[in-house]
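Enquirer: Produce the entire structure from the sequences given, and follow the hints as far as they go.
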Amino acid sequence: MSAETVNATTDSTWAPPRLSWRFIPVWRRNFLVWQKLFVERLLTNVVEPLLTIAAFGYGLGSLLPQVDGVSYLQFLASGSIAMSVMYSAKFESLWGAFSRMHVQKTWDAILHTPLAVDDLLLGEMIWAASKATFTAFCILVMIWLLGIAREPLSVLVLPCAFFIALVFSAMALIVNAVARSYDLLSNYFTVVVMPLVFLSGVYFPLTQLPDWLRTPAEWLPVTAAVNLVRPLALGRWPVEPARDLLLLAAWGAVCFALALGLTRRRLLK
Amino acid sequence: MDTVTAPLTIADEVLGVRDLRKLYGDTLVVDGISFSIRRGECYALLGPNGAGKTTTLRCCLGLTRPDGGTIHLVGEPVPREARRARIRVGVVPQADNLDPDFTVSENLVVYGRYYGLPDREVKRRLPTLLEFASLGHKKDARIGELSGGMKRRLTLARALVNDPDLIFMDEPTTGLDPQARHLIWERLKALLARGKTILLTTHFMDEAERLADRLAVIDHGRMIAEGEPRELIREHIEPQVIEIYGDGARSWAESVARPLVPRMEMTGETVFCYARDPAALLDALEAGPGLRYLHRPADLEDLFLKLTGREMRDES
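Chains A and B, in that order, give the protein sequences.
Position one of the first sequence corresponds to residue 41 (my numbering), numbered consecutively onward.
Position one of the second sequence corresponds to residue 12 (my numbering), numbered consecutively onward.
Derived from the structure by calculation, the hints contain no laboratory data.
Treat the hints loosely; a few may be bogus.
[Claimed, not checked] DSS-like cross-link-like pairs, simulated, lysine-lysine; straight-line CA separation at most 30 Å:
1. B:Lys-162 x A:Lys-145
2. A:Lys-309 x A:Lys-145
3. A:Lys-145 x B:Lys-317
Expert: Shown next as structure tokens:
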């Protein structure tokens, strides 16, 4: 009987995702909370990237020559969209999701209704992606207003941001599924997320890195995100859009499957 | 739906559990529990903390995968069709998990969406739900402004948002003051009067005795008795109980009381004497051993003590 038991549990834990439109009420729940805190949130959305652009772009940038054929200000501002999208998605799917799952027990309440863990995670990911897309929109508007770049093609940054944020949200939900306290979330952010940003080409072109660092960095999702978003924001086509999109899709699929299995294991024990 | 088990299912069975088993590691936390709940009744799972009540509830809702047995919830096989079954079920969980960012009304509207209910439908039901929970005056209040009893009532109203056939209540009055408990009990009785079915878990004897049409006593994952509360007590326990407490109660009971009553149980400082006619014991107590005592009719506490050899209230 015990062998059968293990199989039964494993089957349901790692079964393929069953996606449905029932994720929408989860999205709407988070959206309603966000609406209530709109003004404060808008401030962080705008102020943080503005600080980065002002300090590094105007300050440091004035000391630097052109980078990849554009001014450092343009280089950094366009790259920082990808970074902010990632931060926004990570933040929502780490601290936001953890407090909903663990502290407020909102997820427990939701699982008593006809929704499944699959709906819950999909709703969380799409919500995190929506929020991150809004962040990207705010920075684009800023870049436009400050006259750093004014390109019609930059509108395509928005669907890219949504897609990129889905991947990073899925990744963060893996950490959320195994976290016992907020400590793990902070550690993950400091030890994993921050170093990846420095390796991604947000602050400087990857060509500056030695080969042993550059080669693995090219396979990182953050790098693919920067590769897509930077040229679009500056009005050019990405060099290898198909490669970057596929790489992100692969990371996203693996991370979602892992996050789903680990969350099911945690909540449906 | 399930043609194999359909003939076994009684037409008005709202929940049917057969030989349910659940293992955590090597521990069998639910060990062959079977019961059947009929439409319109209140059925209680009574047992100490850790007896397997909550695990049984989670299995019935399809949130925990059983290691053996079958479950039919509102006619659907669980866990396979658990989502479909949960559309017609309401749940009041052990710990409140209301949304702290929302008002009282918003909590109900947002929860209704999880059942696929349009906002206007929930808003139409809102006055009735709020009135039922006696929270009409608090509809725009934040959750943080509510007392413990109000939160419980809101949780109860939230469990009714989808107009369920069956309501699961996991320890609905744990942590409430007596007044708030009575208010919840009165609301539950109102639900039963409306024909709703309730599955209740509790470790409070008075709660089970007051509300349950039938109950099951659960201990160590097993069902050790099932029936109507009064009937169970009559069946297992002598009708009169005398509790004797205090220093020297045990030794006095051993030497003096033992021959005067058919049965005695001791736990801690208290001696429980059971009898059909306790006149002789009462006379002996009045004769002045200086012990405090209480004479009362037998209740579920006595039943549990007899069946398990332990007091329910000391268990954790």
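Enquirer: Decide, hint by hint, whether the structure agrees.
Expert: For each hint, the structure was consulted:
no.	hint	verdict
1	B:Lys-162 x A:Lys-145	holds (15 Å)
2	A:Lys-309 x A:Lys-145	holds (15 Å)
3	A:Lys-145 x B:Lys-317	violated (38 Å)
Checked against the numbered hints above, the structure violates only hint 3.
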